[in-house]
Amino acid sequence: MKKNEYLYLDHAASTPMRDVAFEAYKKTESEAFANSAGGHALSRKAKNILEESRDSIASHFGAAPKEITFTSGGTEADNWIIKMPFINNKNKNAELVTSAIEHEAVLGSAEWVESLGYKVNFIPCDNNSLIKTDDVLEQVNPNTKIVSIMLANNETGVVQPIKEISYGLKSLESGLIFHSDVVQAVATTKIDFHNLGVQSAALSGHKIGGPKGIGFMFLSSEVKVPSFFHGGKQELERRAGTVNVSGVASLSAALDEQQKNITKQNQNILKERTDFEEMIKHSLDVMVVGDSVKRLEHISNIQFKNIHSETLMVALDLQGLGVSRGSACASGAQRPSHVLQAMKVSNDKINSHLRFSFGWNTQVGDGIKAAKIVLSSIEGMK
Amino acid sequence: MRILVAMSGGVDSSVVAGLLKSQGHDVIGVTMKLWEGPNGEMPETGCCTASDSEDARKVAATLDIPYYVLDYTESFSEKVVDNFIDMYAQGLTPNPCVECNRSVKFDHFLKQAKNLNCDKVATGHYAKVIKKEDNYELHKADYLDKDQSYVLHMLSSSTLEHVMFPLGTISKPEVRQIAADLGLKTAFKKDSQDICFVGKKNYRNFVDKRIDISTSGDIVNSDGSTMGQHDGVHEFTVGQRKGIPGGQGAPKYVTKIDVQNKKVFVGEKQDLLISDFYLEDVTFVNGIQNTKLAIQTRYNSEDLPCEIEQISESRLKVTLLQPTYGVAPGQFGVLYTGTKLIGGGRITSKLVEKVTI
Chain A
1 MKKNEYLYLD
11 HAASTPMRDV
21 AFEAYKKTES
31 EAFANSAGGH
41 ALSRKAKNIL
51 EESRDSIASH
61 FGAAPKEITF
71 TSGGTEADNW
81 IIKMPFINNK
91 NKNAELVTSA
101 IEHEAVLGSA
111 EWVESLGYKV
121 NFIPCDNNSL
131 IKTDDVLEQV
141 NPNTKIVSIM
151 LANNETGVVQ
161 PIKEISYGLK
171 SLESGLIFHS
181 DVVQAVATTK
191 IDFHNLGVQS
201 AALSGHKIGG
211 PKGIGFMFLS
221 SEVKVPSFFH
231 GGKQELERRA
241 GTVNVSGVAS
251 LSAALDEQQK
261 NITKQNQNIL
271 KERTDFEEMI
281 KHSLDVMVVG
291 DSVKRLEHIS
301 NIQFKNIHSE
311 TLMVALDLQG
321 LGVSRGSACA
331 SGAQRPSHVL
341 QAMKVSNDKI
351 NSHLRFSFGW
361 NTQVGDGIKA
371 AKIVLSSIEG
381 MK
Chain B
1 MRILVAMSGG
11 VDSSVVAGLL
21 KSQGHDVIGV
31 TMKLWEGPNG
41 EMPETGCCTA
51 SDSEDARKVA
61 ATLDIPYYVL
71 DYTESFSEKV
81 VDNFIDMYAQ
91 GLTPNPCVEC
101 NRSVKFDHFL
111 KQAKNLNCDK
121 VATGHYAKVI
131 KKEDNYELHK
141 ADYLDKDQSY
151 VLHMLSSSTL
161 EHVMFPLGTI
171 SKPEVRQIAA
181 DLGLKTAFKK
191 DSQDICFVGK
201 KNYRNFVDKR
211 IDISTSGDIV
221 NSDGSTMGQH
231 DGVHEFTVGQ
241 RKGIPGGQGA
251 PKYVTKIDVQ
261 NKKVFVGEKQ
271 DLLISDFYLE
281 DVTFVNGIQN
291 TKLAIQTRYN
301 SEDLPCEIEQ
311 ISESRLKVTL
321 LQPTYGVAPG
331 QFGVLYTGTK
341 LIGGGRITSK
351 LVEKVTI
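Just so you know, the protein sequences line up as chains A and B, in that order.
The numbering used here applies: residue 1 is where the first sequence begins, and numbers increase by one.
The numbering used here applies: residue 1 is where the second sequence begins, and numbers increase by one.
These are calculated hints, taken from the structure and not from any lab test.
All C-beta atoms in this analysis are idealised placements derived from N, C-alpha and C, irrespective of residue type, glycine included.
Be aware that a few hints might be false.
Capping the alpha-carbon separation at 25 Å, the derived lysine to aspartate or glutamate pairs in DMTMM-like fashion look like this [unchecked claim]: (1) B:Lys111 x A:Asp285; (2) A:Lys372 x B:Asp26; (3) B:Lys111 x A:Asp55; (4) B:Lys79 x A:Asp348; (5) A:Lys233 x A:Asp55; (6) B:Lys340 x B:Glu78; (7) A:Lys305 x B:Glu78; (8) A:Lys66 x A:Glu51.
A few chain B residues that don't get close to chain A, going by computed Cβ distances all over 12 Å [claimed, not checked]: (9) Lys114; (10) Glu174; (11) Ile178; (12) Glu280.
Below, a sample of chain B positions facing chain A; criterion: calculated Cβ distance under 8 Å [to be verified]: (13) Tyr68; (14) Asp71; (15) Gln112; (16) Asn115; (17) Leu116; (18) Asn117; (19) Leu273; (20) Gly287.
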């Protein structure tokens, strides 16, 4: 197998960078490499690119430019918004509401908040990995500082009722911050933050064909959160550290292309995923997670009956198909996912799930090609 | 051939992967993640630490072979760690490495190899597989000081058919030389002797944290008198001197442990001298054989000439031609004829009862 024949279906983990993003990165780094906070011509050039990019990025999400703060990615934004309201907080009864199926960036931050002695409610999900609006609202009270629910789950693609929750929260007039990690959703969803009704959101560049190490936090102008990083006065004094202007320009270029083509892209992805799932379902005894509910176009989480998914993942890799199983740990071994556990998938089935995720550069025929590799690998395992 | 190689991150398995690759085989490297901390982290010490799997990954990258860390934690925890704790709780001396080979490693590993269309699996153990007509025999390594056949005694002929031990004819210095020649970063890495899931920590602390049998009891002398108190029978194994009150003239040894009544019996060294004991859960590589037998009662211990009598299919009575000290119930007794391994089983706790005081 040659390396360039490798079929990559792990876009939910990361996507290849778009040419326009590469070009924007290279151009910015060569023509406007200076520190955007400086006082000379080259700094102004960098600052101009930074602010033009901010304007453009904000416009894609119906946000004001000053509501966008660039970060190192989604994890930093999640940590920031979830932890800060609990640091130096005087109300020892303050609470956090989140879900059991959040990305590790949110879960880990929430567990840290819990370790400080604050009450954290982890809202359960149903067997489709869907959170119920009422379950969230029931846990909200005057002590709730933050509600954090992801727009779509990164392992199953199942879309959560964020707008409904925000509507419910408004009716409670609770003055809390409603945060949503949209890192996975943005790959195949057009998002307007104000319309969605969230006060903050976390986003990362590398899920849409942008570079790794750049992302942003949307923070609605109506709320204030203390800084997480201290030092220089960059990013409207919200986030210290020399701004990664090349990363921002690259992210902006990637977003421009993605947003322009998103309808066509999603049609293509959906066609390939449907071909893939149909062929698999036709030949094997499988269950597609979230088949009957609203799901992101690019994710297919499949339960293979009586197949050890870790072994299947290796078999697929050896045949040139890259997919993923759950959350990876530092050593590389993958453990049963917390999302499947929250869905109450039984112990004998929890190790038989694989996630296939399509992306912006998925080619016509990739779905069938992937299904054929899966079928032949499973045939080889018998 | 396509060969699945178990890579621990040590020099031995690194060389196995390197040798097989240089022979033109299609080699796939795997590190079995056996044990982890409460948050899924790899242990910091022992033989399967995060830095060891990192070493294995680097070796695989140097050799340009596919490499995976696979999760064996569930069955390891259930079959090896729980057993380890149970054994101590019963006053027995466990051998977790044998238990791991017996009930985790080879079983699951061979299944995975088959699923991945591999013809063989290979490990860095020092032992030899020899094909004799239709059967596969397990033999000691050529360099006896490194021989590890003891910990592999449970492999049957039909399993050995699918297993390779490429280091069986090579000395350790040669292995290090090959690793250096191949440019593998593990070439001069120190060997690990720790129990992988306990690491450098005291295993008694490990057991203490996990079981509640630390109720105190009597230490009983050979004349039946109580000579002191202990903090829990799991702190003792037969043959042990540590933890027994001193000032008794001749050194005292643990001769028997009565778990139910929480009593630890002690006696003189000659009380530990035994000539016969039983093996249970016995397996044979190619069926039973009765002539010119010798037994090892610990890993890498000397071969003790013996005779056996089959009590039942999986139970043997072993009679040593010369009585010996230091046979610990819970350890494995492994039978050889010359270099050929015949079979083995767990030294039964009945031994403890036989040592009368």
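The hints, checked one at a time:
no. : hint                : result
1   : B:Lys111 x A:Asp285 : holds, 21 Å
2   : A:Lys372 x B:Asp26  : holds, 23 Å
3   : B:Lys111 x A:Asp55  : violated, 56 Å
4   : B:Lys79 x A:Asp348  : holds, 18 Å
5   : A:Lys233 x A:Asp55  : holds, 20 Å
6   : B:Lys340 x B:Glu78  : violated, 32 Å
7   : A:Lys305 x B:Glu78  : holds, 24 Å
8   : A:Lys66 x A:Glu51   : holds, 10 Å
9   : Lys114              : violated, 8 Å
10  : Glu174              : holds, 30 Å
11  : Ile178              : holds, 26 Å
12  : Glu280              : holds, 31 Å
13  : Tyr68               : holds, 5 Å
14  : Asp71               : holds, 4 Å
15  : Gln112              : holds, 5 Å
16  : Asn115              : holds, 4 Å
17  : Leu116              : holds, 6 Å
18  : Asn117              : holds, 5 Å
19  : Leu273              : violated, 47 Å
20  : Gly287              : violated, 31 Å
Hints 3, 6, 9, 19 and 20 from the earlier list are contradicted by this structure; the remaining hints agree with it.
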